[in-house]
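Spelled out from the first residue to the last, the chains are:
Number of protein chains: 6
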Amino acid sequence: MFGKEGADDHHANASDMMEPIQDIVTRICFGEIWQRPALDLKTRSLITLAMLVATGRTHEVKIHTRGAVANGATREELKELFLHAFPYCGIPLMVDGMVACEATLNELGVK
Amino acid sequence: MFGKEGADDHHANASDMMEPIQDIVTRICFGEIWQRPALDLKTRSLITLAMLVATGRTHEVKIHTRGAVANGATREELKELFLHAFPYCGIPLMVDGMVACEATLNELGVK
Amino acid sequence: MFGKEGADDHHANASDMMEPIQDIVTRICFGEIWQRPALDLKTRSLITLAMLVATGRTHEVKIHTRGAVANGATREELKELFLHAFPYCGIPLMVDGMVACEATLNELGVK
Amino acid sequence: MFGKEGADDHHANASDMMEPIQDIVTRICFGEIWQRPALDLKTRSLITLAMLVATGRTHEVKIHTRGAVANGATREELKELFLHAFPYCGIPLMVDGMVACEATLNELGVK
Amino acid sequence: MFGKEGADDHHANASDMMEPIQDIVTRICFGEIWQRPALDLKTRSLITLAMLVATGRTHEVKIHTRGAVANGATREELKELFLHAFPYCGIPLMVDGMVACEATLNELGVK
Amino acid sequence: MFGKEGADDHHANASDMMEPIQDIVTRICFGEIWQRPALDLKTRSLITLAMLVATGRTHEVKIHTRGAVANGATREELKELFLHAFPYCGIPLMVDGMVACEATLNELGVK
Numbered sequence: 001m002f003g004k005e006g007a008d009d010h011h012a013n014a015s016d017m018m019e020p021i022q023d024i025v026t027r028i029c030f031g032e033i034w035q036r037p038a039l040d041l042k043t044r045s046l047i048t049l050a051m052l053v054a055t056g057r058t059h060e061v062k063i064h065t066r067g068a069v070a071n072g073a074t075r076e077e078l079k080e081l082f083l084h085a086f087p088y089c090g091i092p093l094m095v096d097g098m099v100a101c102e103a104t105l106n107e108l109g110v111k
Numbered sequence: 001m002f003g004k005e006g007a008d009d010h011h012a013n014a015s016d017m018m019e020p021i022q023d024i025v026t027r028i029c030f031g032e033i034w035q036r037p038a039l040d041l042k043t044r045s046l047i048t049l050a051m052l053v054a055t056g057r058t059h060e061v062k063i064h065t066r067g068a069v070a071n072g073a074t075r076e077e078l079k080e081l082f083l084h085a086f087p088y089c090g091i092p093l094m095v096d097g098m099v100a101c102e103a104t105l106n107e108l109g110v111k
Numbered sequence: 001m002f003g004k005e006g007a008d009d010h011h012a013n014a015s016d017m018m019e020p021i022q023d024i025v026t027r028i029c030f031g032e033i034w035q036r037p038a039l040d041l042k043t044r045s046l047i048t049l050a051m052l053v054a055t056g057r058t059h060e061v062k063i064h065t066r067g068a069v070a071n072g073a074t075r076e077e078l079k080e081l082f083l084h085a086f087p088y089c090g091i092p093l094m095v096d097g098m099v100a101c102e103a104t105l106n107e108l109g110v111k
Numbered sequence: 001m002f003g004k005e006g007a008d009d010h011h012a013n014a015s016d017m018m019e020p021i022q023d024i025v026t027r028i029c030f031g032e033i034w035q036r037p038a039l040d041l042k043t044r045s046l047i048t049l050a051m052l053v054a055t056g057r058t059h060e061v062k063i064h065t066r067g068a069v070a071n072g073a074t075r076e077e078l079k080e081l082f083l084h085a086f087p088y089c090g091i092p093l094m095v096d097g098m099v100a101c102e103a104t105l106n107e108l109g110v111k
Numbered sequence: 001m002f003g004k005e006g007a008d009d010h011h012a013n014a015s016d017m018m019e020p021i022q023d024i025v026t027r028i029c030f031g032e033i034w035q036r037p038a039l040d041l042k043t044r045s046l047i048t049l050a051m052l053v054a055t056g057r058t059h060e061v062k063i064h065t066r067g068a069v070a071n072g073a074t075r076e077e078l079k080e081l082f083l084h085a086f087p088y089c090g091i092p093l094m095v096d097g098m099v100a101c102e103a104t105l106n107e108l109g110v111k
Numbered sequence: 001m002f003g004k005e006g007a008d009d010h011h012a013n014a015s016d017m018m019e020p021i022q023d024i025v026t027r028i029c030f031g032e033i034w035q036r037p038a039l040d041l042k043t044r045s046l047i048t049l050a051m052l053v054a055t056g057r058t059h060e061v062k063i064h065t066r067g068a069v070a071n072g073a074t075r076e077e078l079k080e081l082f083l084h085a086f087p088y089c090g091i092p093l094m095v096d097g098m099v100a101c102e103a104t105l106n107e108l109g110v111k
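Chains as they are written, first to last, in UniProt numbering: chain A, 1 to 111; chain X, 1 to 111; chain P, 1 to 111; chain Z, 1 to 111; chain S, 1 to 111; chain C, 1 to 111.
Possibly wrong hints are sitting among the right ones.
Identical chains share a label here; the pair holds if one copy fits it or two copies do between them.
[Claimed, not checked] Subject to a maximum C-alpha distance of 25 Å in a straight line, what follows is the list of computed SDA-like cross-link-like pairs (lysine to any residue):
| no. | residue 1 | residue 2 |
| --- | --- | --- |
| 1 | K111 | G31 |
| 2 | K42 | L108 |
| 3 | K42 | R75 |
| 4 | K111 | R36 |
| 5 | K111 | A14 |
| 6 | K111 | P20 |
| 7 | K111 | D16 |
By construction, these hints were calculated from the structure, which means they are not laboratory data. Everything numeric in this text was worked out from a predicted model, so none of it was measured.
Please build the complete structure, drawing on both the sequences and the hints.
Encoded structure:
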């Protein structure tokens, strides 16, 4: 399951400082926001990645690329999402996001 | 058509300084990036809005809310998109985006 | 009470789109995060304002200036907080924050 | 003189909260950084505007458009500077900066 | 002393390019801003960290975590500061800041 | 030539995901924007670096430091550009940019 996996990936060995974050991610982010029915999980993955590339959060782009694939996004769709960042965020953020996404897709063997 | 409308909305009376921007928006952004087939127009509208709320571009949120409605997004889906910004961008950016989106939907009479 | 007041100020007439935000602000932000005992309310007000000036959220600086005063911060301390933004955020963000804070203090009659 | 004018424009009636900012702007920013000889004033105006458009500081774009004109920049050069923001910062920030710059040039009657 | 230590940590072997930065950090930031009496050093450490987590400056979070400990902040208070970033800055920036802070506290042996 | 070199540096082995980015960088950014005559290449290098330091794009600061040297900028001018970021962007972004620039200049043997 994505929520659990995402949280686990992030906080494999939750310390005293990471434990409340793990709770927030699992309970509020995945448990509450992601479960609302008005948008399907694949669309949520795409808009999450759009927010992350726009704010330069490379590490989270990798995590959510895994989630997007689990939620049905293809390599072609993800490539397109990062290209779409060019006119709205500029080349440097687009490149950072695409590099992180591509590395993750290659690790996953997604073609 | 969205591309033309969006550009026109932005640059109704293009001056010498705005004219090359109008060209970039029309030819590169709408003419080239938005026309690529791997993502449909509604999905492009949603990820555009996701990038704009994440970077606090309120004026452009209004323009692209109009585009998203033209491309088939519902009030419920747009509401959901901005709520999804809460865990990734924080409350202040989510609120700014939602207020701008709601004002535009109300102007358009979209329920 | 600050939590209720802050939420009310923000969402006086909660619409269908603002209502889940009001719930998030009241229940999660004020009800959960702000109630944790390890930092007192005045310190939370100061670090909230520090985050808001650093990200250029002028409207929220005004709201949280009211909260900071309610939580015991003085005009002198708030002035100092925005000056402290100079070396870490630069002059433009410092000025925007100070102007918003000062306008609110003057409205409140805080000297 | 630019330094004095810029500071005055900013803080016409310095209050108790604005007075230390006026001191920082006059003494450190204009008095110390801008006076270093390795870059001429016109180049400093251009890189200042480049930093301000990249960070979306519209109000300061207006102030420094005045300074850039005083330091010898032409309408054509300023137009070009904001167009140059397209590939590095994206369309929304470029548009915001160009609109602010153009309004100021028109106020000044610079053709 | 913190000011000196912070600067030294940053610029151990000041080169021709780093030397004026070392001067700015020592003389203006620590020598002038941090010495103003209206906020105590521990509060300044907390608002500095709040500004740094909000802007994603991970390297500086580490430096100022050391400073905060030197100025009397506890592990519990620092943990709380980064959790407080969740509603205002979102999860990705909160996580980056908490990870950097925790690594530094562990290096220092602060429990 | 800078355009070609910059693109090559960036995308040495263009993959399916990087290939459209290489096209955008080569054709639109370097081929179209950089070729406009109203600003010379050295000035374009300086304003590019100003935008990159302001947005914390360290990797691109390195690439464009090489370009700036190829376009005639001296070590002294580049040092001055990053110092100029202090009052507008704050110390953390100035330091990140200066460190990246200095490392590149040292690699190039530019004194």
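Hint check results:
| no. | hint | in the structure |
| --- | --- | --- |
| 1 | K111 / G31 | neither (30 Å within a copy, 28 Å between copies) |
| 2 | K42 / L108 | within (17 Å within a copy, 28 Å between copies) |
| 3 | K42 / R75 | both (13 Å within a copy, 19 Å between copies) |
| 4 | K111 / R36 | between (30 Å within a copy, 19 Å between copies) |
| 5 | K111 / A14 | between (33 Å within a copy, 16 Å between copies) |
| 6 | K111 / P20 | between (37 Å within a copy, 17 Å between copies) |
| 7 | K111 / D16 | between (39 Å within a copy, 10 Å between copies) |
This entry does not satisfy hint 1, going by the numbered hints stated previously; all others are met.
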